[in-house]
Amino acid sequence: MSDTGARAAGEPGPAAAEQPESAGNGGAPLLEARNCSKIFGGLVAVSAVDFAIPHRSIVSIIGPNGAGKTTFFNMLTGLYKPSTGKIVFDGKDISGQRPDKITKLGVARTFQNIRLFATMSAVENVQVGQHSRMKAGLLGSILRPPRVSREERDTDAKAREMLEYVGLPARTHDQLSVNLAYGDQRRVEIARALASDPKLLLLDEPTAGMNPQESDQLTGFMRRLRDEKGLTLLLIEHDMKVVMGVSEQITVLDHGEKISEGDPATVRADPRVVEAYLGKQG
Amino acid sequence: MSQLRALTQWRYFNRAATLALFALVALFPFTRPPLDGFMDDCILALAYVVMALGLNIVVGFAGLLDLGYVAFYAFGAYSIGWLASDHFSSINGEEGIHVFAGEFASSLPGIHLNFLFIIVAAVLICAVAGMLIGLPTLRLRGDYIAIVTLAFGEIIGRFAVNGDEITFAEGYKLTNGRQAISPTDQIDLPFFAEFDSAFNLRPYYWFVLALVALVLFVNFRLRDSRLGRAWVAIREDEVAAASMGVPLVKTKLLAYATGGAFGGISGAFLGSYFNSVQANVFQFGFSIFILAMIILGGVGSIWGVVIGAVALSFINTRLIPDVLNEVPSKIGLDFDLTQLSFGIFGFLIVLMMVLRPEGLLPERRHKMELTEGVGVDDAIVQVKQ
Numbered sequence: 001m002s003d004t005g006a007r008a009a010g011e012p013g014p015a016a017a018e019q020p021e022s023a024g025n026g027g028a029p030l031l032e033a034r035n036c037s038k039i040f041g042g043l044v045a046v047s048a049v050d051f052a053i054p055h056r057s058i059v060s061i062i063g064p065n066g067a068g069k070t071t072f073f074n075m076l077t078g079l080y081k082p083s084t085g086k087i088v089f090d091g092k093d094i095s096g097q098r099p100d101k102i103t104k105l106g107v108a109r110t111f112q113n114i115r116l117f118a119t120m121s122a123v124e125n126v127q128v129g130q131h132s133r134m135k136a137g138l139l140g141s142i143l144r145p146p147r148v149s150r151e152e153r154d155t156d157a158k159a160r161e162m163l164e165y166v167g168l169p170a171r172t173h174d175q176l177s178v179n180l181a182y183g184d185q186r187r188v189e190i191a192r193a194l195a196s197d198p199k200l201l202l203l204d205e206p207t208a209g210m211n212p213q214e215s216d217q218l219t220g221f222m223r224r225l226r227d228e229k230g231l232t233l234l235l236i237e238h239d240m241k242v243v244m245g246v247s248e249q250i251t252v253l254d255h256g257e258k259i260s261e262g263d264p265a266t267v268r269a270d271p272r273v274v275e276a277y278l279g280k281q282g
Numbered sequence: 001m002s003q004l005r006a007l008t009q010w011r012y013f014n015r016a017a018t019l020a021l022f023a024l025v026a027l028f029p030f031t032r033p034p035l036d037g038f039m040d041d042c043i044l045a046l047a048y049v050v051m052a053l054g055l056n057i058v059v060g061f062a063g064l065l066d067l068g069y070v071a072f073y074a075f076g077a078y079s080i081g082w083l084a085s086d087h088f089s090s091i092n093g094e095e096g097i098h099v100f101a102g103e104f105a106s107s108l109p110g111i112h113l114n115f116l117f118i119i120v121a122a123v124l125i126c127a128v129a130g131m132l133i134g135l136p137t138l139r140l141r142g143d144y145i146a147i148v149t150l151a152f153g154e155i156i157g158r159f160a161v162n163g164d165e166i167t168f169a170e171g172y173k174l175t176n177g178r179q180a181i182s183p184t185d186q187i188d189l190p191f192f193a194e195f196d197s198a199f200n201l202r203p204y205y206w207f208v209l210a211l212v213a214l215v216l217f218v219n220f221r222l223r224d225s226r227l228g229r230a231w232v233a234i235r236e237d238e239v240a241a242a243s244m245g246v247p248l249v250k251t252k253l254l255a256y257a258t259g260g261a262f263g264g265i266s267g268a269f270l271g272s273y274f275n276s277v278q279a280n281v282f283q284f285g286f287s288i289f290i291l292a293m294i295i296l297g298g299v300g301s302i303w304g305v306v307i308g309a310v311a312l313s314f315i316n317t318r319l320i321p322d323v324l325n326e327v328p329s330k331i332g333l334d335f336d337l338t339q340l341s342f343g344i345f346g347f348l349i350v351l352m353m354v355l356r357p358e359g360l361l362p363e364r365r366h367k368m369e370l371t372e373g374v375g376v377d378d379a380i381v382q383v384k385q
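Respectively, the protein sequence lines represent chains P and W.
Each residue of the first sequence is one higher than the one before, counting from 1 in my numbering.
Each residue of the second sequence is one higher than the one before, counting from 1 in my numbering.
Hints are computed from structural coordinates only; laboratory data are not their basis.
One or more of the hints may lead you astray.
Straight-line alpha carbon distances no greater than 27 Å define the calculated DSSO-like cross-link-like pairs of lysine-lysine that follow [to be verified]:
#1 P:K92 <-> W:K250
#2 P:K86 <-> P:K101
#3 W:K250 <-> P:K101
#4 P:K229 <-> P:K92
#5 P:K135 <-> P:K104
#6 P:K104 <-> P:K86
#7 P:K81 <-> P:K101
#8 P:K135 <-> P:K92
#9 P:K135 <-> P:K101
#10 W:K250 <-> P:K135
#11 P:K81 <-> P:K92
#12 W:K250 <-> P:K81
#13 P:K104 <-> P:K92
#14 P:K135 <-> P:K229
#15 W:K250 <-> P:K104
Note that the structure is predicted; figures quoted are calculated from it, not measured.
This is chain P alone, in the form it adopts within the complex (with noise of 0.2 Å):
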């Protein structure tokens, strides 16, 4: 709390940490589903949907409830198995793939409802967002040579620095997660996710149960990220004035398949769009 001075001189400060923007693969956007279908039993929750976000944009998926929107998000992620179809990220395929896996090559998420580790604090939240840039092994842990000692000060630092970043102010760093006002439990879930260095950040309607207030500066804060961090963002949500605001690329759901796709201007007009939300005229 009060030693943030004296710890930051000579750490690595999150310049460091930023990853440039992986060069020379031309025009290849960093995330490629193609024909990727998710089917529970029965019930075609995605189907078939082929799917591009490109280098540095930010991107939204929209659609009705049940529109398949998280399903895609779960199996971009790797809690889900696509069914069929491939996942290519960075020119690495992902299909299946272990969700660990998936974040230490640089996808990191958040949740539709607030998931943090509830009895750990904020800062040990986002210490977990790390794991997949630590070396420390059992016995390291145990033995703890000055090689995980650093480690450990590294990640404490760097910690703080991300939850200074999201905007959670140094005196509620230490608090139990669960004791922290829900904006600020969102920050802190957003700060977990930057920690393990991502390259695309998923966001899963990160401004619900916020006021229009709140959401503009989330608003302002994603384009910061993609601006400051050179961060590739995909969001789903449902505040059209946000997804219409931030979003250079639109791709609407409904009923697990993509009925529109384009920038806000062609997808506010498509007549599929307005159908799928409002129901069909006369």
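For this one, chain P is given, so just place chain W on it according to the hints.
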């Protein structure tokens, strides 16, 4: 900065207090004769502390309910039964195999390794066994894990009891069943005289105290490490943990392996201390006995588990047979209260659950889960309110 200074001071105070406590406990044998019933109980209690701390890693840290912990006791005990006794007496043309064995043991047939090797063997065997039991539970959650571990403990127990019927190679028996493998070698450490539990219990006491110190150290280090945080994360929310980059399989298996290894160390120690490895003790009830220590002390709380283990051990060895046992006859009943030990433990647990479910010395996190409803479904919290 004053907060930091206060924190550092607190840490130093804590360390000093722990050292003082250990010094006191280490000096205790000088107040008793070398061969003493009470010291015998203390040695048992400390051995149970080692086991309870091991189980605490699996149950308390990683949140994987293990009802078959006795299996690790068995593996540890048989490590010494196999590798430091005359069990395989015809090996090497009845000459035996001796590696840094004690003076007396060196003259016996069978395999006789130094106790330090036995500990290494017990750790390895139990770590592998822990992973084996972990594998089928990886796809399971909650109660189903408990069922698999329970079955595992039972299987190992059956093998121990019936092992005298299982022969291999040139007629070597797997175990000696209820006949017990006996005698096992006394502990013989480099630079120290050979231990002899028939005349002097002090070396055993100090040795097991050193084991407790070692296991405590490992527990504290692990709790505040990358691995410890990953365990808590898995306990709290497996899906979120995996999505944050925690490999579930590896992390869980490490919990089983580490926890099992402690059970093995303690088992090997007890095998030597009792001078025999008797299959009858490897029963389901023992797993519950150790689990009850954790629940009594406070799941996940390292010092709580120490207290719980010592308390329950003394209730078992002192309170019930010496103090409470006279109660039935005084009120005109005629039965042996020691036969009801497990009933008394069960009653204690029920009492704990009603009065203080978080344990005697609760861990912060678990206390919150129990008293504030963190980590449980909202519906339950609402009912409580």
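The hints, checked one at a time:
Distance hint between K92 of chain P and K250 of chain W is fulfilled; the C-alpha atoms sit about 23 Å from each other, no more than 27 Å. For the given pair, K86 of chain P sits about 16 Å from K101 of chain P by alpha-carbon distance, which is consistent with the 27 Å threshold. A C-alpha spacing of about 12 Å is found between K250 of chain W and K101 of chain P, which places the hinted pair at or below 27 Å, so the restraint holds. Pair hint K229 of chain P plus K92 of chain P holds up; C-alpha atoms about 22 Å apart against a cutoff of 27 Å.
Our distance criterion of 27 Å between C-alpha atoms is met by K135 of chain P and K104 of chain P, whose separation comes to about 12 Å. Between K104 of chain P and K86 of chain P the alpha-carbon distance is near 19 Å, which keeps this suggested pair within the 27 Å criterion. Taking the CA atoms of K81 of chain P and K101 of chain P, the gap is about 13 Å. The hint holds against a cut of 27 Å. With a CA separation close to 23 Å, the supplied pair K135 of chain P and K92 of chain P stays within the 27 Å bound.
For a cut-off of 27 Å, the pair hint linking K135 of chain P to K101 of chain P stands: about 15 Å separates their Cα positions. Among the hinted pairs, K250 of chain W with K135 of chain P is consistent with the structure: their alpha-carbon atoms are about 14 Å apart, no more than 27 Å. For the given pair, K81 of chain P sits about 16 Å from K92 of chain P by alpha-carbon distance, which is consistent with the 27 Å threshold. Only pairs whose Cα atoms come within 27 Å are accepted, and K250 of chain W paired with K81 of chain P is accepted, the gap being roughly 20 Å.
Taking the CA atoms of K104 of chain P and K92 of chain P, the gap is near 12 Å; set against the 27 Å cutoff, the hint holds. For a cut-off of 27 Å, the pair hint linking K135 of chain P to K229 of chain P stands: about 24 Å separates their Cα positions. The hinted pair formed by K250 of chain W and K104 of chain P meets the criterion: a straight-line CA distance of about 15 Å does not exceed 27 Å.
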